[in-house]
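**Q** The lines below spell out each chain.
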Amino acid sequence: MTTRIHEILRKYPSELLTEWLNAMTAGGVRRDALMKEAELREQCAEFLRLLTQATEQGNLTDITGSAFTPAREMLERLSRSRSLQGFSPAETATFIFSFKQPLFDRMRREYASQPEVVADEMWGGTLLLDKLGLYTTEVHQRAREEVIMRQQQEMMELSTPVVQLWDRIVCLPLIGTLDSGRTQTVMETLLQRIVETGAEIAIIDITGVPTVDTLTAQHLIKTVTATRLMGAECVISGIRPQIAQTIVHLGVDLAGVVTKSSVAGAFSWALKRLNPSVSAQGPRTPGKA
Amino acid sequence: MERIPILRMGRVLLVTIQVDMHDQLAVTLQDDLTSKIVETGARGVLIDISSLEVVDSFIGRILGNIATMSRVLDAQTVVVGMQPAVAITLVELGMSLPGVRTALDVEKGMALLHASMEDDEVVLEVADASLED
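From first to last, the protein sequence lines are chains A and B.
By my numbering, the letter at position 124 of the first sequence is numbered 114, and the numbering carries on one by one without gaps.
Every number in my numbering is 30 more than the matching position in the second sequence, counting from 1.
Source of the hints: derived by calculation from the structure; they are not laboratory data.
Errors might be hidden in some of the hints.
Claimed, not checked - Distance condition first, Cα-Cα at most 30 Å in a straight line; then the derived DSS-like pairs of lysine-lysine:
| # | chain 1 | residue 1 | chain 2 | residue 2 |
| --- | --- | --- | --- | --- |
| 1 | A | Lys121 | A | Lys26 |
| 2 | B | Lys138 | A | Lys262 |
| 3 | A | Lys262 | A | Lys250 |
| 4 | B | Lys138 | A | Lys212 |
| 5 | A | Lys212 | A | Lys250 |
| 6 | B | Lys66 | B | Lys138 |
| 7 | B | Lys138 | A | Lys250 |
| 8 | A | Lys262 | A | Lys212 |
| 9 | A | Lys90 | A | Lys26 |
To be verified - To give a feel for the contact side, a few chain A residues facing chain B, derived at Cβ under 10 Å:
| # | residue |
| --- | --- |
| 10 | Thr59 |
| 11 | Gln182 |
| 12 | Lys212 |
| 13 | Val242 |
| 14 | Asp243 |
| 15 | Gly246 |
All values reported here derive from a predicted model rather than from experimental measurement.
Virtual Cβ for every residue (Gly too), placed ideally from N, Cα, C.
Throw the hints in and build the complete structure from the sequences for me.
**A** Right, dumping it as structure tokens:
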């Protein structure tokens, strides 16, 4: 069964294309600065062709079906290329929505004697074009989410360097907010480096951590405990005044944890701690251990 | 039956766990170790778990128990060479082993034990000296 929309699309492809382009110009949807007219015409023609093809089966409600696969793929490409060109997602969706006007005009003229048919078909056409328009927005959003996930991954890898300050002293400067996923990576990296370097003292510097909540504090305490279980000691440095206040207000117990105000303070504490053996052997150059 | 060997080095007992710990093995170790401490009058216990890669809450508890029992029997326990994964697991299980001393490897653990035993002896000598006066 073929629908009336399909018949219209098949009967007047070039007229629809011209009217669509005119409607877009009239409606101010076109952005000639971002896109050439030839390219736009090509895209419109392709969309019309694929839409004709897709509606051939008479299925106008389910755009996830296989009949719509080429049209969906085309819209994906279109959405991606348009977001790269600088179109907003709303503009991309409006591009699809603007096709309603020429299509419905055509339909009204074609079936002027049957107003009920026109009303029914318009409803069907609106639903279909709305879905297709929203699909472009969905693709746009998905592309954004992919970018965000990749950036998160990169940040996770970037933000956990464990540096060796001295023989048997390592330092972990933390920057940014600590969430569960990051803390896990941080803890694993730190413990692994302790095994590799044989460090006896680990300094965790939280100067770059903007806020500390109960969860972050708990993660810190877990890291300190795990470090102790491995046989090394842990110092936390760089606690800001506001953070100290927060920690006390939250009732977090940092009693078993050595804290120093700065990395320098923590480092000198660590050197003193290791002093007997350090002076006996003489200080080695950092990084050589 | 499978047993974990306990080696005596002077006044320290050395236990190296080289196999996967299952519950029965851990209980046997606890029995053997406590009797051995009493038998030899050892002052320190060194448990090397560097080959232990899997740990559960029961093993964690046994480790804590061994440390507490040894302290009651006047011997200090040092657990050495804990793997990062094991440490994380224990922390996530909520077992921070508060009574257990730790060190990175056998050498450092031994140094730790000797240092604290020397401290004890100094105290004894001082006490003796004050008695003679």
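**Q** Against each hint, give a clear statement of whether it holds in the structure.
**A** These are the hints, each one checked on the structure:
no., hint, result
1, A/Lys121 to A/Lys26, "holds, 26 Å"
2, B/Lys138 to A/Lys262, "holds, 18 Å"
3, A/Lys262 to A/Lys250, "holds, 14 Å"
4, B/Lys138 to A/Lys212, "holds, 23 Å"
5, A/Lys212 to A/Lys250, "holds, 18 Å"
6, B/Lys66 to B/Lys138, "holds, 23 Å"
7, B/Lys138 to A/Lys250, "holds, 25 Å"
8, A/Lys262 to A/Lys212, "holds, 25 Å"
9, A/Lys90 to A/Lys26, "holds, 22 Å"
10, Thr59, "violated, 46 Å"
11, Gln182, "holds, 5 Å"
12, Lys212, "holds, 5 Å"
13, Val242, "violated, 15 Å"
14, Asp243, "violated, 12 Å"
15, Gly246, "holds, 9 Å"
Checked against the numbered hints listed earlier, the structure breaks hints 10, 13 and 14; every other hint is satisfied.
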